[in-house]
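Model the full structure from these sequences, guided by the hints.
Which chain is which? The protein sequence lines are C and S, in order. Per our numbering, the first sequence starts with residue 88, numbered consecutively. Per our numbering, the second sequence starts with residue 35, numbered consecutively.
If you're looking for bench data, these hints aren't it; they were derived computationally from the structure. For each residue, glycine too, the CB sits at the ideal point set by N, CA and C. Incorrect hints may appear among the rest.
[Claimed, not checked] Pairs of lysine-lysine, DSSO-like flavour, derived with a Cα cap of 30 Å:
no., chain 1, residue 1, chain 2, residue 2
1, C, K200, C, K165
2, S, K54, S, K75
3, C, K142, C, K165
4, S, K75, C, K165
5, S, K98, S, K54
6, S, K100, S, K89
7, C, K200, S, K75
8, S, K89, S, K54
9, S, K75, C, K160
[Claimed, not checked] To give a feel for the contact side, a few chain C residues facing chain S, derived at Cβ under 8 Å:
no., residue
10, F178
11, E184
12, G185
13, M189
14, V199
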Amino acid sequence: AQTVTQSQPEMSVQEAETVTLSCTYDTSENNYYLFWYKQPPSRQMILVIRQEAYKQQNATENRFSVNFQKAAKSFSLKISDSQLGDTAMYFCAFMREGNNDMRFGAGTRLTVKP
Amino acid sequence: GAVVSQHPSRVICKSGTSVKIECRSLDFQATTMFWYRQFPKQSLMLMATSNEGSKATYEQGVEKDKFLINHASLTLSTLTVTSAHPEDSSFYICSASRDRRSQYFGPGTRLLVL
Chain C
88 AQTVTQSQPE MSVQEAETVT LSCTYDTSEN NYYLFWYKQP PSRQMILVIR
138 QEAYKQQNAT ENRFSVNFQK AAKSFSLKIS DSQLGDTAMY FCAFMREGNN
188 DMRFGAGTRL TVKP
Chain S
35 GAVVSQHPSR VICKSGTSVK IECRSLDFQA TTMFWYRQFP KQSLMLMATS
85 NEGSKATYEQ GVEKDKFLIN HASLTLSTLT VTSAHPEDSS FYICSASRDR
135 RSQYFGPGTR LLVL
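Take a look at the structure:
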């Protein structure tokens, strides 16, 4: 079974600063997808970024980037130039290729302080 | 594109009654839909996976007679909580997939059983 671990229950960062959220996972699969989702107070799940395991290049989406270390099974999220609107719960998720079954970490509550 | 809706967004019911929650993919055909449950300040827990026209696959520990899932078309899945009790109160989220690479989440339904 695949497990996803987020070891930081809560994080805070000053506005305009950079913060990194950690995620590790355990799998014996070689092909899979990794995701970071944002869940603001509205509780709508919003896809932040996605990484295909077969791609060595780290995914980036504007201020959001990942550090994907496949051998270490690590998938951290870096948020640059943090904004107040980034305050939310962030979930790391794993999905095995061809399965479509997504497993989530426990989440990290990020607070961006003015 | 890839919008998923849920209805109702919030429901309050009496203990012993049944509640139906609808999940619709508005602008794409969803080959697979998923139902999650989220307790306060916790992560999403997968309840079941449904493919159009076939029986849902339930996760271990989820009572299939309690949580009835119907996936009658490529754009609609329903979750019926039968004979609801206060312990069934939770936030229920659906997601839909049109390929095997990602899921798109609905806005969730808050269920309160009195």
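To see whether the hints hold, each was checked on the structure:
1. K200/C / K165/C: Given that 30 Å is the threshold and the Cα spacing comes to 17 Å, the pair holds.
2. K54/S / K75/S: holds, 24 Å
3. K142/C / K165/C: holds, 18 Å
4. K75/S / K165/C: holds, 23 Å
5. K98/S / K54/S: The given pair, whose Cα atoms are some 14 Å apart, holds under the 30 Å limit.
6. K100/S / K89/S: holds, 15 Å
7. K200/C / K75/S: holds, 20 Å
8. K89/S / K54/S: Answer holds: K89/S to K54/S is near 17 Å, not above 30 Å.
9. K75/S / K160/C: Satisfied, since the Cα-Cα distance of roughly 26 Å is no more than 30 Å.
10. F178: With a closest approach of 6 Å, the F178/C hint holds.
11. E184: holds, 7 Å
12. G185: holds, 6 Å
13. M189: holds, 6 Å
14. V199: violated, 19 Å
Of the numbered hints given earlier, the model fails hint 14 alone.
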